[in-house]
Each structure stands twice: as structure tokens, then as C-alpha cells.
Amino acid sequence: MVIDGRNWDDHFGNYGDNADNEDVDVMMVLMLMVGTFIMVAILVLMMTTMILNVLNMIVVVLVMEMMIVIMLTMVVELLVVVVVVVVEVMMVVVVVMVVEVVVVAAAMVVVE
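Residue numbers (my numbering): 52 to 163.
For the record, the hints were derived by calculation from the structure and aren't laboratory data. The structure presented is a predicted model; accordingly, all values stated were derived computationally and were not measured. One or more of the hints may lead you astray.
[Said to hold, decoys possible] Beta-carbon label-pair distances, calculated as ranges:
#1 G86 with M142: 29 to 39 Å
#2 V150 with I89: 31 to 41 Å
#3 V146 with M125: 25 to 35 Å
#4 E163 with V80: 51 to 61 Å
Virtual Cβ for every residue (Gly too), placed ideally from N, Cα, C.
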């Protein structure tokens with residue numbers, strides 16, 4: 052799910068070049084919405100079934116913890132992806148700067 056922040060509104064109040072990391076924001080919000088929806092659905096199902104004993108409560112708590120862990124791992128994976136992309140961009144910038152320095156030095160030698 053990619054939103055082009057250069058041309059369109061990213062639905063977070065950012066326009067144009069200020070819209071950075073919009074994909075991560077959208078993914079995190081979507082995951083939180085899905086997770087809360089599943090948790091509420093499980094709670095409603097457990098309450099509608101009249102046999103809400105200790106075992107059912109333990110199952111609900113375990114499922115909720117699993118959902119939270121899954122959501123956290125997804126967020127961490129997204130953050131890792133963003134960090135890797137930023138590091139790659141920085142490496143490209145450094146390489147371009149080195150190439151520019153070499154080209155300028157070569158041009159100066161040629162001029163002299």
C-alpha cells in the first residue's frame with residue numbers, strides 16, 4: 052500500500068514533500084484497527100456464549116497477548132525496513148559525494 056506523498060494528500064494532514072513515512076503510518080494504523088477489531092469480536096463472542104468460565108477467560112487473555120505480540124513484531128519489522136532504506140539512501144549520497152569530489156579533482160588536474 053503505497054501513497055504518493057509528492058502529489059496527493061496522505062490522509063495525515065501532510066502535503067507534498069512533507070509527507071514522509073506515510074506508508075509506515077498507514078500500516079501501523081491499519082494493524083491497530085484490525086487488532087482491536089479482532090479483540091473486541093473475541094470478547095463479544097465469549098460474552099454471548101453463556102459459559103464464560105475461567106478457561107474461556109484464559110483463552111481470551113492468551114489470544115490478546117498473541118495479537119499484541121504479532122502487532123509489535125510487525126511494527127518492529129516495518130521500522131527495520133525504514134531504517135534499512137534510510138541507511139541505503141545515506142550510502143548512495145556518500146557514494147555520489149565521493150564521485151563528485153573525484154570528478155572535481157580530475158577536472159582541476161586537467162585544467163592545470
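Checked hints:
1. G86 with M142: 29 to 39 Å: holds, 35 Å
2. V150 with I89: 31 to 41 Å: violated, 51 Å
3. V146 with M125: 25 to 35 Å: Given about 32 Å between the Cβ atoms, the range holds.
4. E163 with V80: 51 to 61 Å: holds, 59 Å
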